[in-house]
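Asker: Sequence:
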Amino acid sequence: MSQRPFIVAIDGPAGAGKSTVSKVLARRLGFALVDTGAIYRSVALKARREGLAFDDDEKLGELLTRVHVSFQVVGEDNHVFLDGEDVSGEIRTPENSMAASQVSSRPVVRAGLLSLQRRLALETPKGAILEGRDIGTVVFPDADAKFFLEADPDTRARRRFEELFQKGVERSLEEVLADQIKRDQDDASRAVAPLKPAEDAMRLDSTSMPLSEVVRILEQTILARMSKR
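Anchor point for the sequence shown: position 49 equals 51 in this note's numbering, and the numbering is continuous, going up by one each time.
Just to be clear, a hint being listed does not mean it is correct.
[What the hints assert, rightly or not] No more than 30 Å apart at the CA atoms, straight line, and that leaves these computed lysine-lysine pairs for DSSO-like:
1. K230 with K128
2. K61 with K184
3. K230 with K61
4. K169 with K184
5. K25 with K230
No wet-lab data here; the hints were simulated from the structure.
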């Protein structure tokens, strides 16, 4: 039996650096990148486009049977495609981010997307980096390496504000921080797969740590574990 791909779980709240770190790690290691948050955002976008209520489990369950999400690395960016359409920018607007938080709290959605997330990772030839909020606790509790990235709320809000500004989205820092606090509360308090570090995850605070240092620590840990397989 062939050995399964090496699975890396990177969890944490919005603005902790998961997306950037995951992208750099995947490129350096030659791994596939599975942005699970983008999958939930895509489902939220489709639900918004169809005018569905975010608590209508029956219609959300039916919608999941018609959703197709895929990823493609273009230059330095990991593009997200929903039913063949590039929605990389649209899924990350503040409105869709809040919708994704609501949609992802529904058990029918989390259960429906669990197999997709696992399949995308296990179909990779070498390994996969999965980033999200419940990778190490629910999606891959047996991941080969688990990390939980953290940063203080103000730092995370400033990062998100800069990201939105660069994309031409006009939001004040106060609005971004308020949205973030609300989403943190929603993610941590939901009944199904709440945001929390896995007991065996390496926790890393990136508040004052440069990106290169975060990547270096995670990469060294991953390479060390790969050498022991």
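Asker: If a hint holds in the structure, say so; if it does not, say that too.
Answerer: Now the hints, each set against the structure:
At most 30 Å may separate the alpha-carbon atoms for a hinted pair to count; K230 and K128 meet this at roughly 15 Å. In summary, the hint linking K61 to K184 is supported, as the alpha carbons are separated by about 25 Å, within the 30 Å threshold. This hinted pair does not check out: K230 and K61 have alpha carbons roughly 46 Å apart, beyond 30 Å. For the proposed pair K169 and K184, the alpha carbon gap of about 22 Å is at most 30 Å, so the pair holds.
Restraint check for K25 and K230: satisfied, since their Cα atoms lie roughly 24 Å apart, inside the 30 Å limit.
When the structure is compared with the earlier hints, a violation turns up for hint 3 alone.
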